[in-house]
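**Student:** Residue numbers (my numbering), protein chains in the order written: chain A, 1 to 369; chain B, 1 to 369; chain C, 1 to 369.
It should be emphasised that the hints constitute simulated quantities derived from the structure, not laboratory data.
Beta carbons: idealized from backbone N, C-alpha and C, even for Gly.
Do not rely on the hints blindly, as some may be mistaken.
Estimated spans, in silico, between C-beta atoms of each pair [claimed, not checked]:
| # | chain 1 | residue 1 | chain 2 | residue 2 | range |
| --- | --- | --- | --- | --- | --- |
| 1 | C | 339 | A | 93 | 21 to 31 Å |
| 2 | C | 343 | B | 169 | 35 to 45 Å |
| 3 | C | 291 | A | 336 | 52 to 62 Å |
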Amino acid sequence: MTYVRNCWYVAAWDSDLAQLQPVPMRILDERVVLWRDADGQVHALEDRCVHRHAPLSLGRCEGINLRCMYHGLLFSPEGQVLEIPGQDKVPPQARVRAYPVVVRHSWVWVWMGDPALADASLVPPAVGFDDDRFILGHGHLDYAAEARLICDNLLDFSHLTFVHAASFQAGPSFAERLPDITPLERGVRVSRWSQNAPDIRDPNSADRFDNYMTYDFLLPGVLLMEAASFASGTAEALDFGPPDFDTAVTGRNFTSQAVTPMSGDTARYFFSWGPHCGHGDAAMRDGMMKIAAMAFGEDKVMIEAQSRVIAESPERPIMPTAHDRAVTLFNRLVASLCRAERGQRHGSSLQGAAPSSAVQFEGDKIAFR
Amino acid sequence: MTYVRNCWYVAAWDSDLAQLQPVPMRILDERVVLWRDADGQVHALEDRCVHRHAPLSLGRCEGINLRCMYHGLLFSPEGQVLEIPGQDKVPPQARVRAYPVVVRHSWVWVWMGDPALADASLVPPAVGFDDDRFILGHGHLDYAAEARLICDNLLDFSHLTFVHAASFQAGPSFAERLPDITPLERGVRVSRWSQNAPDIRDPNSADRFDNYMTYDFLLPGVLLMEAASFASGTAEALDFGPPDFDTAVTGRNFTSQAVTPMSGDTARYFFSWGPHCGHGDAAMRDGMMKIAAMAFGEDKVMIEAQSRVIAESPERPIMPTAHDRAVTLFNRLVASLCRAERGQRHGSSLQGAAPSSAVQFEGDKIAFR
Amino acid sequence: MTYVRNCWYVAAWDSDLAQLQPVPMRILDERVVLWRDADGQVHALEDRCVHRHAPLSLGRCEGINLRCMYHGLLFSPEGQVLEIPGQDKVPPQARVRAYPVVVRHSWVWVWMGDPALADASLVPPAVGFDDDRFILGHGHLDYAAEARLICDNLLDFSHLTFVHAASFQAGPSFAERLPDITPLERGVRVSRWSQNAPDIRDPNSADRFDNYMTYDFLLPGVLLMEAASFASGTAEALDFGPPDFDTAVTGRNFTSQAVTPMSGDTARYFFSWGPHCGHGDAAMRDGMMKIAAMAFGEDKVMIEAQSRVIAESPERPIMPTAHDRAVTLFNRLVASLCRAERGQRHGSSLQGAAPSSAVQFEGDKIAFR
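For reference, chain A alone in the conformation it holds in the complex (with noise of 0.2 Å):
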């Protein structure tokens, strides 16, 4: 696995984090135990007692503590044993990893890195249920395969055209045009206007729009999109620059997604989405949460297929297309940073390492190298 560890991972929603019920998780092949102590507050620990590596999930929470329910060692939030049944003496070395939390956007967030690094201030700016301008269901869905992979598919949205032609109806044209590709300084952001589209949500009509979605695609594996329709002649107005969305007209909404790496070929796809307040309800969030539901499953039987052939021969290449730019970026950007974090664990920084693709990208052109 190559991710960045000095990231928000997404552990949770924070909705399913019930108080004083401890739960595992798997972050970059860790295993990390979560509670929700007696104050609300969210922890996180190595999921390993240092006796004899009972998983502490398997616990009791005691107030603030957590008690490893194997032979009752009992541990502080910041994984420090503070009791061991039959013993006077606490060693000082009886301690376990504590990684620094943020609850944010109706997310658990875990820092897998440096926790003096650990900078709450770079969780992405995804939208929670809190904020009362989106109408949003959510929910995950389990993966046998590498983060990575379902990373680069939703950094290439052709696949649209073809993986979700029953469920998202995208249209053989969709895949045959470029989106608009933006380098940013953890991730990517992807935009395109689609001109004169008929109304998905009313097929008869002879209305027509201009649709625009945009996304950032942000480290470690975290997607924010809004999308709406325009009247018809926006995208042109605006030289297709990107609109205001207060001036959509219809469809407006928004989907946070996040997608964590438990181990090599495990991950856990969270997804929250739904209307804009002012275009639609509570009805319309029920009927594109089945839409996504349908969806997603369908990226999931393409991605698990894909990741059993690649178990199979990792030392086969992959051969890019034009599309996958934004997927060399981001897979790039995290190459980089990879490259600087090993550096700096090696107390050294590498120089001069070349990307690990063949592919490279001159303007819009594409070349196999």
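Since chain A is already given, all that's left is putting chains B and C on it; use the hints.
**Tutor:** Below, chains B and C without anything else, positioned relative to chain A:
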């Protein structure tokens, strides 16, 4: 896995390949997608898109071509990419491996070796449903065991006495006598007379027959067997030579069987069986298929159990018996052809390499070395 | 796996071995077939035919012998092949390993080491169903965990307070006090008094008892425990020494338990439990078996979870606590005997090798090194 590559492997029953519905198969641990195109032709490609390795078997048939349904690359039956959505040019190296295919005797045969050597005359002379001499039922069974173990099983029918005591009712004497073994250019012939046998279809009858069965076991793992009951005394009259099956009194039947290695520990076993049209009808065929289902299930239990034992200590030597003569001849043929193929691939011939088996046959005697 | 080989391992409940029905078992990762012959004798052979490695446990008992039902080889209880169908002579090297067997105390014991060293006097003094002092129920449970982890569990009853809070109701004080630990030649004795305890069978009663429990944990993983309630004051009167169980007031009971390593990550746990005939009846035994089923299920959840954690990072050190004294003594004994056995097999003795554990006990104190 040690299997001859320059061979036709049974990939499917012809009747199981619906038009325009791609089907995944695995042969010699290679992923193969099969499809019957709009013209009825069957094609076989490597089941892995050049782009991001999605399986083409999740794709969509379009005319004679196959489209990957992840990002829409279109493949010709020759494996060449014809279209990449969003991209004007298709790089010439964008292609996957295509396998020669022959549909014959109701089976779809795929050539796994050098396509330049594919020779349809090497397809074994199985009996298909288009041969109106026989009334055939058919099926297939998947094994969690290496194909070689199933071939070994089919090359030594002495197991009928033990594995199939309940189904085929071969009786103890069957295992006590050795059959006649004849080496063939691409296999082994196994024949045997059983004299003065009762009528297995009518155990109360006083009638006695001389039963004859003969099968060719051919590369890569195809068993073609004819059997029948003759008038008592026929065996001696023929000096135990082969009879003319047209003189059979009763019970004439034919079975075609093929063992296809999928992975190193899985295989698919294809089989048909049924009476000669002069010796039975559809009802008899159905009764025979019930016995076959029982018997082949007995084989599966034994061989999968054997496979699990071998997997735990593959280095332990076997101890061949007198009944293993056909097994040894066939495996020696396979080993010899595999060495020759390796030599061709390496641009040189391997000479003087000793057979891996420590058993040698001298005339009819078996020598443990 | 590090286990002493020159030991009697429990392979089955005597009552689970029906006559003439071979049963497969795995001990120390070796496949063993057990069968009770026509005379009632129990035998154990390597469960792998010399011919093509079919499991003999799929075979057929014939008198005192066992026939492989793949190609009919017949094996004597000593492992010698007696018949090979189709072959006049049987090569003398045609034999499989035979294991010494003793049936005693309702268990079938198999000697996994050098047969020449098999010594029936080393069978631990378990209590079988033929001992009419106790009214015993019994069962077994299969673990997806290494036997050693179950042994560790049984050597440290402080887990009763946590794992079995609901079932055995040991209470917090149980884990706070250390038991008396006595090294034995082939194991460890663990004993403890609990003073002024309420009657667990009648919580409303004002009666108070001094409870005593003592168990020997013996190679290779056999726990033999007796427990009872005595008149309040008995513990002090005996200066906390062992009581005469015949003076017990109530609650006298006995349990025999055995942990058999199957593979490196599976084990079978055999157990019996029940009241002394003077302190209970079949109804009490059935009630105790219900509690045992609940409690042993609690152990299984914890130990299998622990096993999965350890499997992911087996190199991580454990941190023993004061309660681990019996665990450490027993594992040190096992390590020492294993070194001696390796020395014998290598024709030399290993001297001066340090114990693998970094913990040393000095008197009653535990020292972290």
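**Student:** Check the following: the C-beta atoms of residue 339/C and residue 93/A are separated by a distance inside 21 to 31 Å.
**Tutor:** 29 Å, holds
**Student:** Holds or violated: 52 to 62 Å for the Cβ distance of residue 291/C and residue 336/A?
**Tutor:** This hint holds: roughly 60 Å between Cβ atoms.
**Student:** Can you let me know if the beta-carbon spacing of residue 343/C and residue 169/B is within 35 to 45 Å?
**Tutor:** 56 Å, violated
In summary, the one numbered hint that this structure violates is 2.
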